[in-house]
Amino acid sequence: MNLDHDSFDGASEITPSVAVRLFSAMLGPNAQPIDRLVARCVAIDGLAWSTALLATRGPRPRTIEGWMAWKSLAKSSIHEGELHAGEQEALGSFLCYLVAIAGALALDGTLITRISRLEIRRGLITVGGTLDPTWRELFEVARKRLDAMGASSEQP
Amino acid sequence: MSTAADPPTPVQAFPETRSQWIAECLSDGDGGMSVANVYLMENYLRPLTTYCRAIDLGKSVRRECDELVHEFFADRLGDPEYLKSWLASKLRLRNWLRNGLHLYVHELRRAERAHAGELVSHDELAADISDQDQVFERAWAKSALDLAIKEAIRRLEAKGRRSEWDIFWLHHIQGLPHAKLGEMHKLSPAQVAQRVFAVAEQLRSILAGILRRDGVLVSEVDFELRTMMEAMHESRP
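Heads up: the sequence lines are chains U and E, in that order.
First residue of the first sequence? That's 1 in our numbering, and the numbers climb one at a time after it.
First residue of the second sequence? That's 1 in our numbering, and the numbers climb one at a time after it.
It is worth saying that the hints were derived from the structure and are not from the lab.
Every value quoted in this text rests on a predicted model; they were computed, and no experiment measured them.
Please note: incorrect hints may appear among the correct ones.
To be verified - Derived coverage of chain U by chain E (criterion: at least 3 residues anywhere in the stretch with Cβ under 8 Å from a Cβ of chain E; other residues may be distant):
#1 26–33
#2 57–71
#3 116–129
Don't be surprised by glycine CBs; every beta carbon is placed ideally from N, CA and C.
Using the sequences plus the hints, can you model the full thing?
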């Protein structure tokens, strides 16, 4: 039984992507933008959506300045109200914003945001795991950088 | 009035204190302890067994995982002090049981090695547990969600409203819009939205009830849902 396509009868095991969508549904109005973005990315067409969206942004920057420009462009398209309402366009811009943060982190460990490390880490894990392998790898490298920074800042 | 033997009820039935239901069960003597133990077996047997298999925990003591977890429950839950110790621990019940399972395996190993004249260190036990956090959290999240889904479907079917589950599923999992679902079920988009919301709330309420018994406060439910969501994605180190 393909649980992504059939109604669930309670007798089969749920897949991780279905579980994520159900958790997001249960959060309801309390869902944060990152929860809504994750739910969008794990929807049936989520992978195609995120892949196509990121492909329109052109080649990956190779400098921190390039990632900062990505971030600025994405940020200028994010309207808070639309983002909290889960509007697809706003979620797309939010995804690009997160990719820019991941890209800079992966490049040389630069943090180009003042968002807390905990929030960034959560975004890298939950969103990164839904993307196609090349972007997933970027998010994974970024997460490891972030974890290494956390570990080094805990040194006496 | 609520009694310790009541079946699990929605989160609204519980005040904002930890673990009250199990505390009530334990204060009811053997009968209450038995109710609490049945609840524990129903809710924690599967995630513990899944976890045990994922990390091959039974191998070191030459036991099948189902056998090992059953043995663990039989050994610990017969002792009235075991759950009382959990109440004093401030740990989530799932973590208490998981640590307890590791400790049980440690004791089995120690007994076997003592028989063979060898030593087992506590460092070894701590390393076993800390390396496997995410494996257990994922098993727990899937198991708790699965139980909540089954209960939500059961309640809707009991009221002859199973179709509302299907509408909820088609919207949130298949991504069908309210208007399309309205055409399929002869409802307005607003009525569909209302049903989808109501089922989501019911599912949340049932899952929150499971979490409450695990030791989660009402105010922590959203955080816990996000943590469970994250556990589904956590990449391996």
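So, going through the hints one by one against the coordinates:
no.: 1; hint: 26–33; result: holds (count 5)
no.: 2; hint: 57–71; result: violated (count 0)
no.: 3; hint: 116–129; result: holds (count 5)
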